[in-house]
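Protein chains in written order, with our numbering: chain Z, 1 to 123; chain D, 1001 to 1180.
Hints listed in this document are in silico derivations from the structure and should not be mistaken for laboratory results.
Some hints here could point you the wrong way.
Stretch by stretch, here's where chain Z covers chain D in the computed footprint (C-beta under 8 Å, at least three residues) [what the hints assert, rightly or not]:
1. 1110–1117
2. 1127–1139
One-sided and incomplete, this derived list gives chain D residues near chain Z with beta-carbon spacing under 7 Å [unchecked claim]:
3. Leu1144
4. Leu1148
5. Ile1149
Simulated DEER-style distance windows between Cβ atoms [said to hold, decoys possible]:
6. D/Val1131 / Z/Gly64: 31 to 37 Å
7. D/Gly1053 / Z/Ala10: 23 to 29 Å
8. D/Leu1070 / Z/Trp92: 34 to 40 Å
9. Z/Gly73 / D/Gly1053: 25 to 31 Å
Here the structure is a predicted model, which is why all the values come from computation and not from measurement.
By construction, the Cβ of each residue, glycine as well, lies at the ideal position given by its N, Cα and C atoms.
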Amino acid sequence: MMKGLRWGDAVVVAVATALVTTSFALTYAPGSGPTQLVVTQAGAEPRYYGLDGSRTIRVDGAAGVTEIEIQPGRARCLRSPGSQGICEAAGWLERPGDMAVSLPNRLVLQVRGPRTDFDSMHY
Amino acid sequence: MTPEPGPADRRIAALAALAIGLQVIEAAIPSPVPGIKPGLANVITLVALVALGWRAALAVSLLRVVGASLLLGTLLSPGFWLSLTGALAALLVLAPLARLYPRHLSALGLAVPAAIAHTLGQFLLAWALIVPHPQLPLLLPPLLLAALITGVVTGILTTSVLADPRIQRHVRNSPTTQSG
Chain Z
1 MMKGLRWGDA VVVAVATALV TTSFALTYAP GSGPTQLVVT QAGAEPRYYG
51 LDGSRTIRVD GAAGVTEIEI QPGRARCLRS PGSQGICEAA GWLERPGDMA
101 VSLPNRLVLQ VRGPRTDFDS MHY
Chain D
1001 MTPEPGPADR RIAALAALAI GLQVIEAAIP SPVPGIKPGL ANVITLVALV
1051 ALGWRAALAV SLLRVVGASL LLGTLLSPGF WLSLTGALAA LLVLAPLARL
1101 YPRHLSALGL AVPAAIAHTL GQFLLAWALI VPHPQLPLLL PPLLLAALIT
1151 GVVTGILTTS VLADPRIQRH VRNSPTTQSG
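Input sequences plus hints: build the corresponding full structure.
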């Protein structure tokens, strides 16, 4: 045992551990998901879709049709003309800020939470 | 004529030189995760705080941040501001806690809150100004966990440094000189 420890050390370490545990719990708990899908296409106004029901939407683009599947709280690129499947590979967009991109169709899909914020391009 | 540096100035300069050396060495060690490093220079800050008081700790911290950034070529870069913010946040927490040393807290009890404050301060600056991304908070819990661990490690190191008789002579209210 280390010499010179005080009772306050135990309190401090306990509080710090509680803080770290709480931060994990708060951050990774399933919280408020995205509520809106924003479809941005080159040369067109952005289109907004609520993420409140299940449906599929089709977006015509320069290279073909991008099919977007919407479910409550999430959306994904179901089919897109890109040969490498990059748009589909983005998977379900489930957290505010997640995005999928189809370059052939000049299309960006992004889900947003209750408040509009910065996007992942900031990385 | 510049005034002659007093003994306190020389101590601060010596501690700052040690801290700069530690920070430069640490910068050369590749970190598995960006944003996580041991923070060994904080040992020196704690020694300065305990031995010479919080003004000396502030001086040592500022000298370290500026001096190390000059050597590493990061002066006024984002890394410099993060370093500065972390150091100031840690001192902000340390200043009131230092009064509890050594009666109620050992160096370990100082190092852990300092490390957490360091990380939190850096994170808030990063989130507010440098990378204002809505998902950045996802990085915070692992960083805080790392701060907890590195805080314990630097706390143990500080305790053993302070236990050295050559340091002991300079420590105010050290456990050995206090009869309480």
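Hint by hint, here is what the structure shows:
As drawn, the segment 1110–1117 of chain D meets chain Z at 3 residues by the rule of a beta-carbon pair under 8 Å; at three or more, the given contact holds. For the segment 1127–1139 of chain D, the stated coverage by chain Z holds: 7 residues have a C-beta nearer than 8 Å to a C-beta of that chain, and at least 3 were required. Interface restraint check: leucine 1144 of chain D against chain Z, minimum CB-CB distance 5 Å, threshold 7 Å, status holds. The interface hint given for leucine 1148 of chain D is met, as the beta carbon of that residue sits about 5 Å from the closest beta carbon of chain Z, less than 7 Å.
This hint is violated: isoleucine 1149 of chain D has a C-beta 9 Å from the nearest C-beta of chain Z, more than the 7 Å allowed. One distance hint, 31 to 37 Å for the beta-carbon pair valine 1131 of chain D and glycine 64 of chain Z, holds here, with the actual separation near 35 Å. At roughly 26 Å, the beta carbons of glycine 1053 of chain D and alanine 10 of chain Z sit within the given window of 23 to 29 Å. Evaluation of the 34 to 40 Å hint for leucine 1070 of chain D and tryptophan 92 of chain Z yields a failure: the beta carbon distance comes to about 48 Å.
For glycine 73 of chain Z paired with glycine 1053 of chain D, a C-beta distance near 54 Å fails the hint of 25 to 31 Å.
Hints 5, 8 and 9, counting from the list given before, are not met by this structure.
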